[in-house]
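Dock chain P against the given chain Y, drawing on the hints supplied.
So the chains spell out like this:
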Amino acid sequence: MEPDVSASDAEILEPLRRTTWRFYVLLAGLAAVVGWGVYAYSWQLREGLSVTGLTDRVSWGVYISNFVFFIGISHAGTLISAILRVTRAEWRRPITRMAESITVMAIVVGAGFPLIDLGRPDRLMNVFFYGRLESAILWDFISIFTYLTGSLLYLLLPLIPDLAVVRRSVALGRFRSFLYTRLGGRWTGSAVQKRSLEKSIGLMAVIIIPVAISVHTVVSWIFGMTLRVGWHSAIFGVYFVGGAIFSGIATILIAMAVFRRVYHLEKYITPLHFRNLGALLLVLDLVMIYFTLSEYLTATYGAETRDVAWVRILSTGPYAILFWGMLLGGLVLPAFLLVFRRGIAGIVVAAILVDVAMWMERFLIVVPTMMTPQMAFTWNLYTPTWIEWSITAAAIAGFALLYALFSKLFPIVSIWEIQEQPAPAAEPAATEQEAVA
Amino acid sequence: MTRSSVVLLAAAVVAVLLFAPAPLAPTRGAVASHAGSAQCFLGGGPASDGVISPGEYGETFFDGVTKILANFHCDASPERLLHVGLVSPWSGWVGLLVQAAEPMDGYANEVRLAYAPNEGGLRVQDAYRSIAEPTATADVLLGGRGDVLNVSTGSDGPARVFEFAIPLRSSDPYDSYLESEGPFYFAFEYSADLVDLDSGATALSSTSFVVEGVTLTGTWSAVEMAIVPPAAPPEAAQILLDLRDARGFPVPSAQLEVFVQTAFGFYEAGPVYTNEQGVASASFAPRDEGDYLIGAAYTGGYGLLASVAWQTLHVSSEFAGNPDAASLVGLRPVESLIVVIILGVWATYGYAFFVTHQSLRTQRPKAETRAEGPLAWRRR
Chain Y
207 MEPDVSASDA EILEPLRRTT WRFYVLLAGL AAVVGWGVYA YSWQLREGLS VTGLTDRVSW
267 GVYISNFVFF IGISHAGTLI SAILRVTRAE WRRPITRMAE SITVMAIVVG AGFPLIDLGR
327 PDRLMNVFFY GRLESAILWD FISIFTYLTG SLLYLLLPLI PDLAVVRRSV ALGRFRSFLY
387 TRLGGRWTGS AVQKRSLEKS IGLMAVIIIP VAISVHTVVS WIFGMTLRVG WHSAIFGVYF
447 VGGAIFSGIA TILIAMAVFR RVYHLEKYIT PLHFRNLGAL LLVLDLVMIY FTLSEYLTAT
507 YGAETRDVAW VRILSTGPYA ILFWGMLLGG LVLPAFLLVF RRGIAGIVVA AILVDVAMWM
567 ERFLIVVPTM MTPQMAFTWN LYTPTWIEWS ITAAAIAGFA LLYALFSKLF PIVSIWEIQE
627 QPAPAAEPAA TEQEAVA
Chain P
681 MTRSSVVLLA AAVVAVLLFA PAPLAPTRGA VASHAGSAQC FLGGGPASDG VISPGEYGET
741 FFDGVTKILA NFHCDASPER LLHVGLVSPW SGWVGLLVQA AEPMDGYANE VRLAYAPNEG
801 GLRVQDAYRS IAEPTATADV LLGGRGDVLN VSTGSDGPAR VFEFAIPLRS SDPYDSYLES
861 EGPFYFAFEY SADLVDLDSG ATALSSTSFV VEGVTLTGTW SAVEMAIVPP AAPPEAAQIL
921 LDLRDARGFP VPSAQLEVFV QTAFGFYEAG PVYTNEQGVA SASFAPRDEG DYLIGAAYTG
981 GYGLLASVAW QTLHVSSEFA GNPDAASLVG LRPVESLIVV IILGVWATYG YAFFVTHQSL
1041 RTQRPKAETR AEGPLAWRRR
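In order, the protein sequences belong to chains Y and P.
Basically my numbering = 1-based index in the first sequence + 206.
Basically my numbering = 1-based index in the second sequence + 680.
Bound-form chain Y, shown alone (with noise of 0.2 angstroms):
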């Protein structure tokens, strides 16, 4: 039977079809981190906690700082897709498959932290036996949990339509064939079907946004509902919201660049998209400054004494490096470039800066507030273990190593809504040339 795609819609599927040895290299060296994660975690759950830089008094560290990144650019899906797809943003068609897929690795990666952090994992089990509505834990459970399973759905259903074309398109072996039929099997493209997917897709799309937008808010209670400096803030939901936006877009980005470079789809990912996003991420950058200044500049100002003490361990303190940093390099910075610098060069630039800022921030949002003492002579300090550095970096290469594997079991770009696209979204090739110089 003839393939049902154009020949165009082959350069989507060449990546399903043919894998390079690079391919495996990289898989190789992304699987030696996470399996030395493992190492480093199995060492951790012999010996305990006492391996890491916890203590009683910080409490949380990297791992929670992780968590709280990690969900926080699982936005990525949520605005790309679901939001542009109810505002009917026709440009948004060849990234939405990545920014769904984003939201569901970094969810599965992230949500294992709060369980790492535990130390004995067998405690997650007490969730379920005395699990208590009062408790922001059990809010953070249940929102995490129907994010994930929200977003799962909102990633399987614009897929069913790709995976029949692949799994008539693409020579598979026996995974790939039953994982086909199994999801997409069914799908015949007739009306019927078309207007129960783009029901269901309208319904999800409309359903997954406040989830979304709940899942951080209620991250963000889980320091905000607590009466210690700094956190105890009534911006807190907002400002989490807007990060995990701010790194989501960030995200996408670098995804966005990694895929057109690697996968060579430069027809489908073009500089209108990056310019685009990149408007998003000044805006969002714009948003953080003003919420970063009002939240540390009111700690400031008012001048209590244990406000005085987070801020000068922000400030001046061990961790000012960071702080001005994040500062200066991961807001002020990509804001310039966002402005200035508005090729693709200049706007991944300013992601990945903003990215690792946004990580930066959660780290400070985390640790400096345990540190600061809640009587006079609990002085705390906290330096990461390699442990926690190896699992932390394990993380990010799972993170990739699951997003990698999904693009080649899977069409990156969805081949459906490229097809639906009135208008194609390509540009002169004299603008794109611009834009890349």
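Treat the hints with care, as some may be off.
[To be verified] To give an idea of the chain P side of the interface with chain Y (calculated C-beta under 10 angstroms), a few residues: (1) 825; (2) 961; (3) 964; (4) 1015; (5) 1031; (6) 1035; (7) 1041.
By construction, these hints were calculated from the structure, which means they are not laboratory data.
C-beta: ideal position from N, C-alpha, C; glycine also.
Only chain P this time, still in chain Y's reference frame:
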């Protein structure tokens, strides 16, 4: 990975989750020890009436593991009668193990007592047992005799009081270890809820004291407790405590242990310290409605003997008796709203999945679809 290996892996994970040590499982009774002195006084012993009156006993020990308060009084009669008054929070039997030579090793004499109001009332067993065995054998079955004297029982609030006496110079060969002047090693054990004296113990703890001298080493103390109950769980109950000496004067700066009985054993809500008025307070936030046994103990010191107080806290739900709210027991309206929203989200997921799944299950409508391929609808 084959299907069977996936099933095996899943079974292994489930097995680990099911059989891994539960974090909140009741812990085994640790062995606690206390050292002190018991004196044999000239004159008669305490009245055996099931009531422990102020100053009735010369020595007290509170055991933190079993939560049993033991009162001792040795009279200087030829038999050297040791009078014992036990105050126990447990509804099952309590036991006192006595040994002359070794600290709870080998064989010991044991007195077990239980109160079963619907099954004959007070039960007593003078027994002999190996420390390594969980059950004891009555002396009479071994050829000896039961010589537990002056047994009585009564209640002290929710706690059960047992009073009895044992001859230290017994002629029973199974009590022969007690012919010595001491030191004697004592241990307490209990069954949390079984009154069958042959049943195994829930926990065991040990203590030791020396029988010698005739001087008074401590005066009586009394812990009093008042509880301000919460309106509904999980609001906190306030536990007010008062410690006074034999003259009725407040005892300042004293440490009081406070504990609450839960399904997993006793939860320590203390320690707390008395102020200059001899008053201290603790709080306890009950999780659910129901009855909670709360105890407070002063373990002695500064010339004062140990004392304990027990009370039952009854907590009722604010929804109790309101049938309209039966389905929302434990939930406040906002929490109920959140639950409804979450269920709505999941229902939407289910509907979206159902709609797509149903359309995929329908028969392929036209041959043209087969011919044109799955994306034909996009091109039309």
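Right, here's what the structure says about each hint:
The criterion of a C-beta within 10 angstroms of any C-beta in chain Y is not met by residue 825 of chain P, whose closest approach is roughly 51 angstroms, and the hint is violated. Taking 10 angstroms as the C-beta cut-off, the interface hint given for residue 961 of chain P is violated, the closest approach to chain Y being about 21 angstroms. At a threshold of 10 angstroms, the smallest CB-CB gap from residue 964 of chain P to chain Y is about 16 angstroms, leaving the interface hint violated. Annotation: interface hint on residue 1015 of chain P holds; nearest CB of chain Y at approximately 5 angstroms, less than 10 angstroms.
Checking residue 1031 of chain P against chain Y: minimum C-beta separation of about 7 angstroms stays under 10 angstroms; hint holds. With a least beta-carbon distance of about 5 angstroms to chain Y, the hint placing residue 1035 of chain P at the interface is held under the 10 angstroms criterion. Annotation: residue 1041 of chain P was flagged as interfacial toward chain Y, and the flag holds, the nearest CB pair being 7 angstroms apart, inside 10 angstroms.
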